[in-house]
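**Student:** Given next are the chains, with one letter for each unit.
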Amino acid sequence: MSCFHTLHGIQPEHTLFLRITGKDTAHTDLQNVLTAVESLLSLNGWVAAYCPTLARPFGQNKNVDEDAYDDLAKDDRLYFVAMAIHSADHFLVDQLAVIVQLAKRLGTSNIFVSMLDYESTDSTATLTDLCEAVLTLLGVSFRIRRVSGMTEDPLAAYYPLEEAYMRNLALEPLLELHKKRKVEFYRVIWLKGFTCPNDILETLRVSIANEAAMVCGMDWAESNGQFIFSDR
Amino acid sequence: MVPRRHLITRGFFALAVILCAKLIIIPRSSSASLDPSAFEAYNVFERVTGVDKVLNVRKHKFLQARMGRDVRNDIFDDIIANGVEDYWNRFQMPL
Numbered sequence: 001m002s003c004f005h006t007l008h009g010i011q012p013e014h015t016l017f018l019r020i021t022g023k024d025t026a027h028t029d030l031q032n033v034l035t036a037v038e039s040l041l042s043l044n045g046w047v048a049a050y051c052p053t054l055a056r057p058f059g060q061n062k063n064v065d066e067d068a069y070d071d072l073a074k075d076d077r078l079y080f081v082a083m084a085i086h087s088a089d090h091f092l093v094d095q096l097a098v099i100v101q102l103a104k105r106l107g108t109s110n111i112f113v114s115m116l117d118y119e120s121t122d123s124t125a126t127l128t129d130l131c132e133a134v135l136t137l138l139g140v141s142f143r144i145r146r147v148s149g150m151t152e153d154p155l156a157a158y159y160p161l162e163e164a165y166m167r168n169l170a171l172e173p174l175l176e177l178h179k180k181r182k183v184e185f186y187r188v189i190w191l192k193g194f195t196c197p198n199d200i201l202e203t204l205r206v207s208i209a210n211e212a213a214m215v216c217g218m219d220w221a222e223s224n225g226q227f228i229f230s231d232r
Numbered sequence: 233m234v235p236r237r238h239l240i241t242r243g244f245f246a247l248a249v250i251l252c253a254k255l256i257i258i259p260r261s262s263s264a265s266l267d268p269s270a271f272e273a274y275n276v277f278e279r280v281t282g283v284d285k286v287l288n289v290r291k292h293k294f295l296q297a298r299m300g301r302d303v304r305n306d307i308f309d310d311i312i313a314n315g316v317e318d319y320w321n322r323f324q325m326p327l
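Respectively, the protein sequence lines represent chains A and B. For the first sequence, the residue numbers in this note's numbering are 1 to 232. For the second sequence, the residue numbers in this note's numbering are 233 to 327.
Pair ranges (Cβ atoms, derived):
hint, chain 1, residue 1, chain 2, residue 2, range
1, A, Leu34, B, Ala297, 16 to 24 Å
2, B, Asn288, A, Asn168, 20 to 28 Å
3, A, Ala26, B, Gln324, 47 to 55 Å
Worth flagging that the hints you see were computed from the coordinates, not collected in a lab. Note that this is a predicted model, so its numbers are computed, not measured. We put the CB at the ideal spot given by N, CA and C, even for glycine.
Bound conformation, chain A alone:
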């Protein structure tokens, strides 16, 4: 981006604004974000690049090229993508790539992205700026929110309660849209860690068969020809 601003010039840290505000640089900024979107669509991040090569436990996703998941796209339903990010800057760009892929498949005005930055200490805050720029330009509705931790001392955090608090905050737009605007979503898609776009579409299909309201990827790993999963 060509619009860098430094707040508090005395302090060493720089704050990066990805907002396109200056008229003279708007064109270059737009081009930069469009290039970013293009590279996100090519899906060659450090985890996303492995998507076509991974083996699936039940042999799903074999016909990646032929199956376009048209049945999910043609119904024009609303999907709510929820993410709780706690210092995960190594995943975030790839997850954004997945969201862009989903927007491409399901339609940009059919998904709502809710990102909750739960007191991340790494560069997540800067990367959410990138997410904001990309989603704004694509016309995808979103709420990116940063909250401070539930408990002040991280050692005192009670894990399940903290996790529930975090996820409920990520789901807040879902309730608000339903309460105030009567917007009903068809499925909630939880992006936890990294899930390949086709696998998300596959889980959506499974969720129709199971009549499940929310879908979430699982961490499967192959060990001695068997599949195990290590998830909490």
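Could you slot chain B onto chain A? The hints should help.
**Tutor:** What follows is chain B alone, placed relative to chain A:
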């Protein structure tokens, strides 16, 4: 007496002049009102495709929201913290 052929050629010439004048004058007068910012309000794509989606980010600005961004220390932070601590110490702290 003007010959008939001349009359026809003159008629054609007059027509051509009028058409040329029209072509030159009319596009100029219409393009003068075209301001690049004027397109924004018209929602051309929405009108053409007939899209009236629920999640329409151009219609509802609140659909693209950012919260808690760049929250940094404020000049009243210590006063507020003092008040909260005082309230906790006096009324809330379990005995």
